[in-house]
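K.L.:
Using the sequences and the hints, build the whole thing.
The listed protein sequences derive, respectively, from chains Z and W. Numbers 1 to 555, taken from my numbering, label the letters of the first sequence in order. Numbers 1001 to 1131, taken from my numbering, label the letters of the second sequence in order.
Simulated from the structure, these hints should not be mistaken for lab results. Do not take every clue at face value.
Computed cross-link-like contacts, DSBU-like style, restricted to lysine-lysine with a CA-CA straight-line distance of at most 35 Å [said to hold, decoys possible]: (1) K522(Z) / K419(Z); (2) K361(Z) / K326(Z); (3) K412(Z) / K455(Z); (4) K1110(W) / K361(Z); (5) K361(Z) / K455(Z); (6) K1115(W) / K361(Z); (7) K522(Z) / K197(Z); (8) K1115(W) / K412(Z); (9) K455(Z) / K419(Z); (10) K1110(W) / K412(Z); (11) K522(Z) / K412(Z); (12) K361(Z) / K412(Z).
Computed beta-carbon distance windows for the label pairs [unchecked claim]: (13) L356(Z) / L1099(W): 39 to 49 Å; (14) K1115(W) / S344(Z): 52 to 62 Å; (15) E322(Z) / L1099(W): 47 to 57 Å; (16) F354(Z) / K1115(W): 18 to 28 Å; (17) L1099(W) / R494(Z): 39 to 49 Å; (18) S344(Z) / R1006(W): 49 to 59 Å; (19) L1099(W) / D342(Z): 47 to 57 Å.
Simulated coverage check for chain W against chain Z, where a stretch passes if three residues somewhere in it have a Cβ under 8 Å from a Cβ of chain Z [what the hints assert, rightly or not]: (20) 1042–1055; (21) 1100–1111.
Predicted model only: the values in this text are computed from it and were never measured. Cβ atoms here follow ideal geometry from the backbone N, Cα and C, with glycine treated the same way.
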Amino acid sequence: MTSDSVGWGKVGAAGPRILVAELDLGPRAFAPSIALGVISIGMPSYGRVTVETAASLSQCIDCARRVDYDLVVVDESLGAEAEEIVARLRSGAASLVVLQRTPSDAAALAWFRRGAAEVVLADRDLAALRHAAREQIERVRAARAGGASRDGVSAADGILRHLGSAVVLVDAAGEITFANPAAEQILGSSMIDLHGKPLRAFLAEQVGEIQLASALAGVEATPGIETRVRRGDGSFVPIALSCGPVFGTDGRPGGVVAAFRDLSDAQEWRAHVLQTEKMASIGQLAAGVAHEINNPMGFIHANLFQMTEYVADLRQIWNRAEVLLKAIDAEDPDTVRAAGADLSEVAAELDVGFVLQDLAKAIRESQEGSERIRHIVQDLRDFSHQDTGERVLADLNQCLDSTANIVWPMMKHIVVLSKNYGDLPPVPCYPMQIKQVFMNLLVNAYQAIEEAVAKRAHPGAIGTVTLTTSAHDGGVLVEIADTGTGIAPDHVDRIFDPFFTTKKVGAGTGLGLSTSFNIIRKHGGTMRVESALGRGTAFRIHLPLLGEEIGSEPR
Amino acid sequence: MNEAGRPVVLVVDDEPRILSALMRALRREGYELLTAESPHEALRVAEEHAIDCVLSDHRMPGMTGLELLERIAARRPNAARLLFTGWNTEIPVSELTRLGVRRVLSKPWKDAELKQELRAAVSDAGAGHPS
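P.N.:
Below is the structure:
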């Protein structure tokens, strides 16, 4: 490899840069690089031209990593390496010109197919090459000038280069053929290294692989998902990914366009918002939870008091028993008789049989009470946890049930909870986020019933919250239905909008349902609502079992 | 009063362990103790027994303690009414006054205070004071 500029002294920073991949034939050979040294004569407006040479694929790649070339000339005499160079550099910004050594239309066509912008036959003084090089440099420069792009292709090039979102093209085999700079950044590798690698290797999670596989199979319009990429250095980047199939001229799927965005910042912010919301809902529930802890506290407290009395009773018995034992030791029959009578009298008076029995019962009940407190605290602690950044397989019945346990104390005086849990396969998800959704829906259900109950005149009116789960269409269906006030028809379309609320000021942020909706969508699921004013509302959540689909055909 | 001249006290809570602890605490107080685990059961018991005092939890499924006391008062106007709750702030004072609730005891309760309140309530009710 050489990076000297050939015969042109100092390199003008803004001047065109050319890389020539050619056989190293020694200093006196008439190499293409020498021929190109003079092309700036015809194009003074671009400043001084820098020409570098590379004699092998690896040198070429090294140079391309360091420098943004406007033009790469590949000498066909490099053989198989020439093909590889074109393949690896085709999606870069540089224009590729192949110098053909023997005339062949078929070979030229093959070069165009591989990605060459121009194929030039070597003539005596390589004038044709110089001409083509000037043309290509002008084209690339124009494209780089942005708005001044001359044709649709260079406009698209510019857009892809400057797009904040990552765009990756893969071929029918799932191997990367193009990655724009944003993609290079997220994947942590340059295009040169990415080329030919399976995109799948970067997808850290099954959901991402499935997304890609569906698009490869020609499935259109799969909804975007959130997942993570695993970079070469082992680090992870959260992304929003959508894949679309590209069809060949024969109408068969020929590859995929994968577009993704770095979600690191968004995710951090969202985690923060989510956690804040969750803590807020715990605040809302605090009174109910306090009540729920107060009940066992109440009877444990009372039992402890009573148990102290029982111990005092038993002590009285023991005092009598000691007197009796001493009398037996003294072998004084009268005292023994008297002490024995005293003992049985006190035992009968205190109902010692009952005391012993009830003491055991009081201990048992208090133990059960403290166990209940432990459970409540555990549920609360589970709920206030944050998810790790990874999807895990979770039992949604358990998620729903433990969340309902937390809300239950708040609602139990006016709500009958009906649980119809079906057998569910484990669902890959972020369980804490799913619990947050359940919490939002349960609190809403409770509030709807509370409002409905308040409107009814007679006491004793209560509502029902029905929790139904079932395995369903390759996914899981969770329904939370209430017999509350229902949602006004002109509000139904807006309930998932951020900040939309019908609650009193201070009673709700208006974010609960929109957050919930986003969480479910992020899981690749759907959330639907059905409501009748005055009769109640049902929310239906469908979450896909992505884990199962991976083994089968994605269509 | 029952036939043996002992005051009849009805204790209502949807939490059976609370009832159990209350029975334990009041065992030697000389009452005939009746328990109900729901407001509806309490109404049935109040229908069948001439109760002198009712002590009810407030937050229960189906009916609040306050609503229950109101309905019992309709049938047994002389029975003293006590409410206890782990959630004091939710009960409007005007309602307490209107229904002649003697006292709201908070959970967890103090044994001595509970016994004292009950004694006072029962003796007032027994003396025929309208409550």
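K.L.:
State the violated hints by number, sorted upward, taking the hints as numbered earlier in the document.
P.N.:
Violated hints: 5, 14, 18 and 20; rest satisfied.
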